[in-house]
Amino acid sequence: MGSRGELAGSAAVLAIAVLGITQSLRFRLWTPEGPGEGMFPLLLSALLAVLSLCAVVAAIRSPRLLGQRESSPVLRAKLFGYVAALVVYAALFSVAGYVATTLVVFVTVLRLIEGLSWRLTLAVTLGTLILSHLLFERLLHVPLPHGVLP
Amino acid sequence: MDFFANLALGFQISLSPLNVMYCLVGVAIGTAIGVLPGLGPAATLSLLLPITFRMDMTSAVIMLAGIYYGSLYGGSITSILINIPGEAASVVTCIDGYEMARRGRAGPALGIAAFGSFIAGTFATVGLSLVGPGLARLALNFGPVEFTALVVLGLTLVTYLSQTSVVRSLMMAVLGLMLSTVGLDPIFGTERFTFGSYTLADGFNIAIMAMGLFGIAELLTLAGKPPDEANFARQPTRMRELLPSRDDWRASGGPIARGSVLGFLLGLLPGGGGIIASFASYAMEKRLARHPERFGRGAIEGVAGPESANNAGAQAAFIPLLTLGLPANVVMAITMGALMIHGVTPGPLLLRDRPDLFWGVITSMYVGNVLLLVLNVPLIWVFVAMLRVPYAILSPLVMLFCAIGAFSLNNNPVDVIIMVALGVVGYLMRKARLDAAPLLLAFVLGDTLERSFRQSLLIGQGSPLVFLRHPIAATLFAAAAVLLALPAVGALRGVRQVAETSPSPE
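Top line first, the protein sequences correspond to chains A and B. For this note's numbering, add 1156 to where a residue sits in the first sequence, where the first one is 1. For this note's numbering, add 1 to where a residue sits in the second sequence, where the first one is 1.
Only chain A is shown next, with the shape it has when bound in the complex:
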C-alpha cells in the first residue's frame, strides 16, 4: 500500500487526535487538588495532532504517492474468509459455546478455505477439541462458555 497507506493511516491518527482534543475538553483540566482528569489526555492529543500532521505532510510530499502498485498480490478471497471466520468466532463464542463455534470455524477454515481433506479436517478439529478441553477445563479450570451444550 506504500505511501497511500501511510497517508490514510496518518490521517486516521490525526482524526483520533482531534477526537481526543474535543473529548478531553469535556473534563476538568485543573482542580483544587491538582491536575484534573482532562489535562493529561489533552496534552497527549495535542502532541498526537502535531505528530500526525507532520506524518500526513510527509506522506503527501513523498514521491512514491502516485502510480504505485502493491509489492506482492493479496489473496483477497482467502483474507476475507479468515476475517469472516474470526468474526464468527467472536460473535458466537459465548452464545453457541466454544465447542460448537470451534467446530464450525475449524471446518470452515480447514475444509472450505484451506481445502484440506475431510478426514484431516475432522481429525484436527476433534483432536483440538479434546486437547483444549483437557488443558483448559480439566487442568487449568478455565470456565469456558458451553452455550446450549451441557
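These are computed hints drawn from the structure, not numbers from a lab. Each residue gets a CB set at the ideal place from its N, CA and C atoms; glycine is no exception. One or more hints might be untrue.
As the list claims (entries may be wrong) - Computed cross-link-like contacts, DSBU-like style, restricted to lysine-lysine with a CA-CA straight-line distance of at most 35 Å: (1) K226/B <-> K432/B; (2) K226/B <-> K1234/A; (3) K1234/A <-> K432/B.
Claimed, not checked - Beta-carbon label-pair distances, calculated as ranges: (4) R1267/A <-> R291/B: 46 to 56 Å; (5) W1186/A <-> L10/B: 46 to 56 Å; (6) D203/B <-> R1182/A: 28 to 38 Å; (7) G144/B <-> L1268/A: 52 to 62 Å; (8) G1283/A <-> V375/B: 22 to 32 Å; (9) L487/B <-> T1187/A: 31 to 41 Å; (10) G255/B <-> R1182/A: 28 to 38 Å.
With chain A held as given, fit chain B onto it using these hints.
For chain B alone, kept in the frame of chain A given last:
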C-alpha cells in the same frame, strides 16, 4: 563473613528436595503458561494462589517465583515462533526473534533466549545477594518527578525499535499513551473515553492488545499471501541449526552482559522498570551496532539483549518487594498477597526477622535458573518441530488459543470481540506502515506516566519547572533530548553529504 553464612542458609533451604520440586513445578507451569497466549503469569498466580495456603510459606514463594520467571521464558517462545508476545516485555523479542524464525533460525533465537536468560538471571541473583538491599534503598530516591522523567526517557527509546521514521514511531507511542487513558481516571476515578461501555471502563487489556495487534494481525497478513509464502516461520533443515553457532555467541556476548546490568538496575525500581529495560537494551544494542540496519531483520543481538534484560529485571523486582514492601508489578503484588496471607508483611524488617525466607527465595532463583535451562534447552527441537505444522492447520489453532486466552481474562465475550477488532486494525496498521510495537510499549507505561506526571505537577504547584529542579529528573530529560536529537543530526548530516540523492528524514 555474613554474606556467605546467609548464602549457606539460603541454599540449605532452597536445595531441600521439597523446595527443588516446588521450584521445578513452578518453572514448568510458568513455561507452559507463558506459551499459551492470554494466560499470563498474573492470571496463573491468581488461579494457583489458593493452593499455596496449605504450603510452607518459603516453598509457596519459591513456587510462585518459579512460575513468574518460567512464564517470561515461555512468553519468548511464542514471540519467536508465531509473533505473539506472552507479555509486555516480550514485545521487543518479536521484532528480531520472529524475523530469525522466518529465516529458519528459530533454534538459535530460542537458544540464545534461554542461555541469555540463564546468564542474566544468574548475574541478577548474585547482584541481589551482594548489593540488592542497599540498592533498593537508593531506588527510594525515585519519586514521581524522577519516574516521569524515566518513563519519558524510556518512550524516546521506542524510536529505536521501529523500522519507520522517528515521527511515525513517536506518533504510535503517543497513540499508545492515549489508549492507556481509556477507562477510569487513576486519581479521581472518573470514566474517560468509554462512550458508555462498561467493558471499556476497565480500559484496554495489554494481553488482548498484544494478541490482536500481533497474533491475529500476523494471521491475517499470512492469510493474504500465496500458499508458498504463507508460513509462520521456516523449519531448520540441519540439526546444528537448532542451537546458536560460535558466531551467534560472539555477537550475543556483549548484548547479554549489557542487558543483564541494565535489567538488574532498572528492575530494582518499583514501578515496572523491567519493561523499560527490555526496550532500553534493544535501543542500546541498535545504537552500538556496526550495522544497525540488520535490526528488525533477524539480528540475534536484538533477541539476546532484551531477553537478558527482561530476565534480570524480573528477578531484581523481588528486592523492592522483600526489602521495602513495594511490589514492582502485578505479579509482585500477588506474591505480596501470598506472603501476607501467611502473616508476613514484606518490608525492611523481613531480612532481620525472617532471613530463612529472604535468603531461601533469593537462592532458589539460582536453582530455578538452572532448572529452566535444563528443562528448556533439550526442548528446543520440540518447539522448533512445531514449525513443521503447516499454516493451514496452525492458523485455526492460533484463533482458538487467542479466543480462549482473551475470554479467560475476565470471562467476558466482549474481550474476544475487541481482540478480533484489534486484529483487523493491526492488519490495516501494517498496510499503513504503522508499527504496533511502540504503541504497545507506550500503552503499558501510560498509567505510570500519567500518575507520576500529575503527582509531579501537584508537587510543583502546577509549575512544569519542577522537572528541572530535581537533578535526577533533569539529567534523565537531558538524556531523552539527546536521544531524540541524535537521529535528526544523523539525518541532517546524511542530507548534507548526499544532498541530491538522499530522501528527507521524514
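Verification of the hints:
no. : hint                           : verdict
1   : K226/B <-> K432/B              : 13 Å, holds
2   : K226/B <-> K1234/A             : 9 Å, holds
3   : K1234/A <-> K432/B             : 17 Å, holds
4   : R1267/A <-> R291/B: 46 to 56 Å : 51 Å, holds
5   : W1186/A <-> L10/B: 46 to 56 Å  : 54 Å, holds
6   : D203/B <-> R1182/A: 28 to 38 Å : 21 Å, violated
7   : G144/B <-> L1268/A: 52 to 62 Å : 59 Å, holds
8   : G1283/A <-> V375/B: 22 to 32 Å : 30 Å, holds
9   : L487/B <-> T1187/A: 31 to 41 Å : 39 Å, holds
10  : G255/B <-> R1182/A: 28 to 38 Å : 51 Å, violated
Violated hints, in rising order: 6 and 10; the structure is consistent with all others.
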